[in-house]
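Engineer: Listed below, chain by chain, are the residues.
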Amino acid sequence: MNVPPVTDGLWRSLICGERKHTFHSVGAQMFLLRASMVMKRNSSEEPRLIAELHQLFVENADSPSMKRDLQALLP
Amino acid sequence: MNHSLLSVDQTIALIRAGKTLLLAGEESLLARLPAGRWIGGTIPYFMSEEGGGLHRDKLFVTELPAAIVQEARVVRYDADSVARVYADAPANGFSVILIPAAGRTHLKFALEAPQYERFASRPLVGWITGVEVANIGKVAPKAFDGTGPAALADGAIVMHVAMPPSKVADVGIVNIFKAGDGDTFTFTETGFSAGDALVNGVRQNLAQYLKAKGIDTHLPLVTEYCGARVNVSFQEVDAAAGRVKFYAPVFEGVTYRMARPVGDYVTRFAEEVAREPREAIAFSCNCILNYLYASLEGKKTGQIFHPFTFGEVAYQLLNQTLVYLSVLDA
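Heads up: the protein sequence lines correspond to chains A and B, in order.
In case it helps, our numbering puts the first sequence at residues 1 to 75.
In case it helps, our numbering puts the second sequence at residues 1 to 330.
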């Protein structure tokens, strides 16, 4: 499954909480829960979190739960 | 996948046949096993085809089929080195972690796992090992590295399983609890206990609040975000001392609510389990609090079989959930 590049606005919108999505992937759920805590304390972490979230999707793009999430997130 | 309640002799036969095994049982049984490709944790409570039960003379055996195991590497970690658990995981595979309850590693993993390098990047499941409830505080839970074999009372034993490219792993959670619509709770410090909490933004002593409101603390606190529902279970509410202890940490700045009542637990749980793709489940575990609070002894909750544990791991420590790992064709 194609994962949008790290520069795609999708990743930033998820990290910043602007895009709401109920994830099927437990890994994505846990990562974004942690990211929301980090962002509350220190928003300068945003670029690092975006890169990590993108990498998480790249490495797990074949998992059934992440495929469902990508299908729902992509236009 | 193969999940069975077996005798020690039956389990020894599997080990000698070179099977890759995830084991659970009494320490005295695990200690009799020869070296082989296995890891094990102490706990005598299982959900099997017979229903929930306490089994002091049987091991709960999960055999990982050869078709999904390209390589199984067992690594022992301590409270500091466990921070490498995600970085050490295979590119295509999964990792199963066993951590004895109440040790330094348990506490550090619970508090710090979300900060570990490459957190959540690879499937990590597992459980906090325990003991028979009557022996809590008297007997130390253990985790076994079967390749030694050796037992740890503090640390983590992890089996990193690399799979062939034709297979893919996915982590799932059955959590019957949802956040209610009552008061919100936030905490000014991360930890396994709390004195004050911000209740709807107003500082109050949490223990006294829970007592005054007559809150049922068999229900957990729940936080929800992006599909995640993470429970924090109550261990002890001491209104006189003004302290509340939890089985997992509450995190600073996170908003929690009390879970909604679930009604008939067994029915509810069976309904949730029935929705899961059980044929592909390679591993699962369920919380001992679910066993105790729902009186699951002798009861069946569906076709997912597992040990009951002192905490579940699905990337991080969880409470009052059933965690499972599915392995499917890519």
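Worth double-checking, as some hints may not be accurate.
[To be verified] Taking lysine-lysine pairs in the DSSO-like style, the calculated list, with each CA pair at most 30 Å apart, reads:
1) A:K40 with B:K178
2) A:K40 with B:K138
3) A:K67 with B:K138
4) A:K20 with B:K178
Hint data in this document are derived by calculation from the structure and do not stem from the laboratory.
Engineer: With reference to the structure, classify each hint as holding or not holding.
Structural biologist: Verification of the supplied hints:
Distance check on the hinted pair: A:K40 and B:K178 sit about 23 Å apart at the alpha-carbon level, within 30 Å; holds. With a C-alpha separation of about 41 Å, the suggested pair A:K40 and B:K138 falls outside the 30 Å cut-off, and the hint is violated. This hinted pair does not check out: A:K67 and B:K138 have alpha carbons roughly 47 Å apart, beyond 30 Å. For the hint linking A:K20 to B:K178, the alpha-carbon distance of about 18 Å falls within 30 Å, and the restraint holds.
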